[in-house]
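First to last, the protein sequences are chains A and B. Counted from 1, the first sequence has number 113 at position 113 by our numbering; the numbering is strictly sequential. When you read off a place in the second sequence, starting at 1, and then add 1000, the result is the number in our numbering.
Among the clues, some could well be false.
As the list claims (entries may be wrong) - Using 35 Å as the maximum straight-line C-alpha spacing, the simulated DSBU-like pairs for lysine-lysine come out as follows:
| id | chain 1 | residue 1 | chain 2 | residue 2 |
| --- | --- | --- | --- | --- |
| 1 | B | Lys-1432 | A | Lys-411 |
| 2 | A | Lys-268 | B | Lys-1432 |
| 3 | A | Lys-311 | A | Lys-354 |
As the list claims (entries may be wrong) - A few chain A residues that face chain B, going by a derived Cβ cut-off under 10 Å, partial list only:
| id | residue |
| --- | --- |
| 4 | Gly-87 |
| 5 | Pro-90 |
| 6 | Phe-105 |
| 7 | Arg-145 |
| 8 | Glu-186 |
| 9 | Asp-188 |
| 10 | Asn-189 |
| 11 | Ser-198 |
| 12 | Trp-219 |
| 13 | Asp-421 |
| 14 | Asn-422 |
These are computed hints drawn from the structure, not numbers from a lab. Just so we're clear, the structure is a prediction, and the values are computed from it rather than from any experiment. Even glycine gets a Cβ: it sits at the ideal position worked out from N, Cα and C.
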Amino acid sequence: MIRPRRVRHVLGGLVAAGLLVAAPAFPAGFEIFTQGARATGMGLAFAAVADDPTAIFYNPAGLGWQQHFSVELGSSFITKLSGDFHGANPFPGDGTVGDQHKTTFVLPTFYLVLPLTNEINLGIGAFSQYGLGYRWDGGESWVGRFISSNAVIKSVDLNPVLSWRLTPQIAIAGGADYRISMVQLEKDNATYDPLTDSFADTSHVKLDSSIWDNHKWGWNVGIMIRPAPEFSVGAAYRSAMTINYTGTATFTQNLTGDPVLDAIVASKLPVGKRAVTTSIGFPASMNLGISSTIAQNTTIALEADWTEWSKFQSLNISFPDLPGGTTCAPNGIMVCRQTNWKDSWAYRFGVEQKLGKWSLRTGFYIDKTPQPAADAGPILADNDRTGYTFGFGYNTDHWGINLADLYLKVKDRTVAGESTDNFFGTYHESVNIAIFGLRFSF
Amino acid sequence: MKKSLLHRACAAFAGSVLVATTALAANAFQKYVALGDSITAGYQAGCLVMRHQDRSYPSVLAGQIGIADFEQPLFAEGPLSNNPAIEKCLCFVVVGNSIGVGAVSDQLGPTNLALPRPYDNLGIPGAASFDLVDLTVADPNANPYAAAILRNGSAGSPLYGLSPVQQADLLSPDLVTLWIGANDILGAVLDGIQVDGVNTTPLDVFQAKYAEVVNGLTAAGRTLVILNVPDLRVIPFATTIPPVVLDPNTNQPVLGPDGNPIPLLGPGNATYPCPAGVAACPLPAGTLVTLGAESPQAALGGQSLLGLGFGIPCAVAPLPMCGNPLPDGTFIPPMTIAPGVLLYPDEVSAISQRVSDINTFIASTASSAGAILVDAFTFLDQVKANGYTIGGVTVETTFATGGAFSADGFHPSGISHTIVADQIIQAINAAKGLSIPRPDFSGVLFTPDLPPQAVGAGIGNPETLWDGRQLLELFDRSSMRLDGFELFDGPHRPRGGVTIVVGPRSGGDEASADRSH
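Start from the sequences and build out the full structure, keeping to the hints where you can.
Here it is, written out as structure tokens:
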């Protein structure tokens, strides 16, 4: 009991530094892969490069060749450029529209590398690997509000790792991954009004949890092989973990102006904050990369990333202290949603051109969605993504600054035919991520 | 004789049909005709009026296909009168601090009787399978709806002597929907007893007539969509009142000394007899008590059976008629039935078996005819079990609170009509590889469906509308199949299970009684 509390105090400091913010969903699913500026510039193909402190995230074995005490502070700025929905029959109907809330999310990162011996390095990273911010504008005019008007996942990972360079060509690493997380979901409820023979928006429910109450330990490992100075192979693995959340549900009545209907709703609506529990399965992930310096000062990197999204099979929300709260609807009020996600792959390509202390980078990737079309809805409508990246940096032995930009185009997701929510239409989304990293080495 | 009539009618209508065909060449279908009973007609909440007919599944389906000249026998709607001879439209209304069912408007006469061709919607309230082929000369005294819709009873009419099936064929449709059969068995539910040939159609008769109907509708190049008979155990009329004593203040079961609900009392039947010498004994689990037990009846001085205490043990509530059994339907040969309000489990099983037999025959007939079968039975059972959720809005089959059934407890609501149209469209699209657009549910889910005059009168406001108005003698068996309700005069008030108790009921009944004087 004590150790987690200490860890949480450490995290508290990071929160104070502004680390803990809501994040939008990407790459595919609700994973966030932009945790380093150089990696982002190179199309996120970094498992076989991993030669700066962000290796703690991308492949901790890359620490094996880092000889200096280093600190890297950075942040990404995630801006939803477009995010809208055009409805279709049978519901919410042709001509209906919705807009995602456009804002810029700030996601800081922190990495520290401490050489213990010539071969063994300690690294500590803090980042937000998973996050979701899927909020719809419009309040009671948002046509999907009976499914979700705001879905949020926040998480922070504290990831201490040890790397060990076994030979000049091979290094391995392993670490512990302590994740704290919170989820939030808001939606409206519709009630049949017999007096008008139609449905009315009668209440709003907000499910919330504290990031300090929900946590889990996981682990990560990595290996990097450099058979020749100009060639590198890297593999990294991060474990799955399932976090069981506890939180509160707050029900607020939306008055219809009809005193009888309002009285019926009031008589059924839970009062005050009520307990709510849910569980989210976070996937394991594996990153396999190669990189090569094909010409003087030109490095290319290729990578294939696997994410075990099949871990996310369902989203069940129960209300343990409410009648029927642990029985799936319709007999109970528990939300039991089959999500049925599939494992997914992403394929990345990046290149870096060094010009003295300056570097230019660019990259490209495709990221296949894990989400079946039937599951796409107002909580999250994901689809295959294409990322285009560009970056540059100035690096010396003692410090460096790197900047990158990622334009992410999500393929339009059209939900027709089968739909878990029976909610049809097309989602359009594009995202820009600007990121910087500031490194100091001693 | 009939052939010459057909030719004459064809000549008379050829022009308009040709025009329609040309204009709609781009649609998947050029001509659509619907056959069926009151559900197909768009009858709901106790009446057949254009407000409901516009929301009928045939109307929605025609709209989605893009048929512009889909004609229904539209009936006007007028302000509520005191004339008991006029069908009344029902709504859920406020009664004290409860919600009950009340009349809010009158069904007036047909508005387009002069249409010089058969209607495209040939749904006829009250029709059973045999009516679609046998009803060649509709008697307005026997079924005024049939007479107004078929217009085949007068020798001067171009439709004289033409059955519904013949009228449909006359229109040369390339799409026909057929939803018939509920009225072949529904009488058993309404009466609390099944007697073939008296209140239900013998199975062999049904089979012969149904085959004749389908045979008459089958034609080259024509798509026939057939819906089977829904599970009659699902309708609120049969499912709203549990077979146990309810506390009128909470609508929850009253518990006996053993902690279990106290069964209502019935007279027993051959399978579940009462002990010798005992006139009233507890209803076995699985018994269905129809809404007839809760409806005020003129013969009871405006009270309901349960309101007077029928079926309620005197130890629970010393009401005037406590200790007496709720009536079960009884057959008095040769052709008389004394209706009851109980369906004992064996009767429920028999009705279910008949529905199953009917649906088995419908399925095989549809298959032989190459028709597209829409399994309304299974679909409605699924809605009963899970609700029908669309966009986070869940429609359920519970009376007054679910949204799937109209205020009469039998007929689907406008929302359900859109669901039915959607199911048909999906079935056609799947079978034919078409892409007829599915209907828009937003309007029907969120747009109030009220008679125009009721909106002005402030429906929902307990201080208006109810004053001086009549309550219906709901669910009185005396007159109905899937068609209408009888009205009666005098002060009445809703009771028990038909109402939804909102809060403490003190004074509520008195208040509504005062207003109804």
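Would you check whether Pro-90(A) satisfies its interface hint, that is, whether its CB is within less than 10 Å of any CB in chain B? holds (4 Å)
Can the hint on Gly-87(A) be confirmed by a CB-to-CB distance to chain B that is less than 10 Å? holds (8 Å)
With a cut-off of 10 Å, does the beta carbon of Arg-145(A) approach a beta carbon of chain B closely enough for the hint to hold? This interface hint holds because 8 Å falls under the 10 Å limit.
Restraint: Phe-105(A) near chain B, CB-CB cut 10 Å. Satisfied or not? violated (26 Å)
Would the hint on Asp-421(A) stand, with a C-beta cut-off of 10 Å toward chain B? Since chain B brings a Cβ to about 7 Å from Asp-421(A), closer than 10 Å, the hint holds.
Is the straight-line distance between the alpha-carbon of Lys-268(A) and that of Lys-1432(B) 35 Å or less? The hint is violated at about 46 Å.
Take the shortest C-beta to C-beta distance between Asn-422(A) and chain B; is it under 10 Å? Cβ of Asn-422(A) sits 4 Å from chain B, so the hint holds.
Against chain B, with CB atoms and a cut of 10 Å, does the hint on Asp-188(A) hold up? holds (8 Å)
Given the hinted pair Lys-311(A) and Lys-354(A), is their Cα-Cα distance within 35 Å? violated (40 Å)
Against the 35 Å threshold, does the CA-CA distance of Lys-1432(B) and Lys-411(A) hold or violate the hint? holds (30 Å)
Glu-186(A) as an interface hint toward chain B, with CB separation required under 10 Å: violated (12 Å)
Restraint outcome when Asn-189(A) is required to lie within 10 Å of chain B by C-beta distance: holds (8 Å)
Of the numbered hints given earlier, the model fails hints 2, 3, 6, 8 and 12; all others are met.
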